[in-house]
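Novice: Start from the sequences and build out the full structure, keeping to the hints where you can.
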Amino acid sequence: MPLKPTGLGRGLSSLIPTKPVASAAAASTAVAVAPASAGNGVLEVPIGEIVANAEQPRLTFGHQELEDLMNSIREHGIIQPLTVARREAGGFEIIAGERRFRAAKMLGLAKVPVIVRQAKRDDKLILALIENIQREDLNPLEEAGGYRRLMEEFGLTQEDVSRQVGKARSTVANIVRLLELPLEIREAIADGRLAAGSARAILALKDDASRLRFFRGLVKEKMTTRQVEAGTRRLAGGGRKDPAIAVVEEELRDKYGVRVEVKNRGGRGSISLQFFSDEEYDTLLAKMR
Numbered sequence: 001m002p003l004k005p006t007g008l009g010r011g012l013s014s015l016i017p018t019k020p021v022a023s024a025a026a027a028s029t030a031v032a033v034a035p036a037s038a039g040n041g042v043l044e045v046p047i048g049e050i051v052a053n054a055e056q057p058r059l060t061f062g063h064q065e066l067e068d069l070m071n072s073i074r075e076h077g078i079i080q081p082l083t084v085a086r087r088e089a090g091g092f093e094i095i096a097g098e099r100r101f102r103a104a105k106m107l108g109l110a111k112v113p114v115i116v117r118q119a120k121r122d123d124k125l126i127l128a129l130i131e132n133i134q135r136e137d138l139n140p141l142e143e144a145g146g147y148r149r150l151m152e153e154f155g156l157t158q159e160d161v162s163r164q165v166g167k168a169r170s171t172v173a174n175i176v177r178l179l180e181l182p183l184e185i186r187e188a189i190a191d192g193r194l195a196a197g198s199a200r201a202i203l204a205l206k207d208d209a210s211r212l213r214f215f216r217g218l219v220k221e222k223m224t225t226r227q228v229e230a231g232t233r234r235l236a237g238g239g240r241k242d243p244a245i246a247v248v249e250e251e252l253r254d255k256y257g258v259r260v261e262v263k264n265r266g267g268r269g270s271i272s273l274q275f276f277s278d279e280e281y282d283t284l285l286a287k288m289r
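Just so you know, we're using full-length UniProt numbering here: the sequence shown kicks off at 1 and counts up by one.
Hints in this document: simulated from the structure, not taken from any laboratory.
In this text, all values refer to a predicted model and were calculated from it rather than measured experimentally.
It cannot be assumed that every hint is accurate.
[Stated by the list, open to error] Restricting the straight-line Cα-Cα distance to at most 30 Å, the calculated cross-link-like pairs of lysine-lysine (DSSO-like) are:
{"id": "1", "residue 1": "K287", "residue 2": "K167"}
{"id": "2", "residue 1": "K263", "residue 2": "K287"}
{"id": "3", "residue 1": "K206", "residue 2": "K255"}
{"id": "4", "residue 1": "K167", "residue 2": "K206"}
{"id": "5", "residue 1": "K206", "residue 2": "K220"}
{"id": "6", "residue 1": "K222", "residue 2": "K206"}
{"id": "7", "residue 1": "K220", "residue 2": "K255"}
{"id": "8", "residue 1": "K167", "residue 2": "K263"}
{"id": "9", "residue 1": "K255", "residue 2": "K287"}
{"id": "10", "residue 1": "K206", "residue 2": "K287"}
{"id": "11", "residue 1": "K167", "residue 2": "K255"}
Specialist: This is the structure:
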């Protein structure tokens, strides 16, 4: 079965204004200290004054990657400071750098280097999402969930999201559509058993029952992504698509940000634009007017 392999828009500093490490408590853990000074905007703050970002789009942190990061911190210190915002209740909330924060806590560090920025709630989610995507840390479903939250909770359109993260609008739309798949398939995407490309191909099937049936078959047969695409195309009744029609579909997808299907036989046919949320529906209507 195809497995998911284990750059981008504006950086963090361009989105919000800007307003080494202490040794571990355990005597046996020696950690390098990256120098911090007010001149470069880096401060060292007690780790107990920092809390995780409630808007963190990343849901899972692998044990091995945390172990690797801990080893790196032992050897070199925390090279890149955490990005944080001040909390009204006191202390700081993480915008970017939760892996470094977790690894530092596991090592027992007393202080960590931070850069303090001013950020509203939606800024924090946008920045946390961008930081994770830049590092390729999110699995496709976490990325899709982050995009959907930006659209549903903060009123961003797919075009807004695409500008923020530096991806084509059609790419954002296709990633968000993964959330429409049945739970069993979404779980396979999340744990890396199913590649996002194969999952998108499964979306071509007409209903959840067909999608689940095909998914269980591809697991049993250990299909490649190419085989999945061919199989779903055949079941969906598409056969091999005319390259000219495929180009038109792609152009329309880029323009409207939704799934497009073009049928043309002997000068007669149809163009179908499909939406999967109220937000996509409103955006599509606005673009067509």
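Novice: Run through the hints listed earlier and report the numbers of any the structure violates, in increasing order.
Specialist: 7
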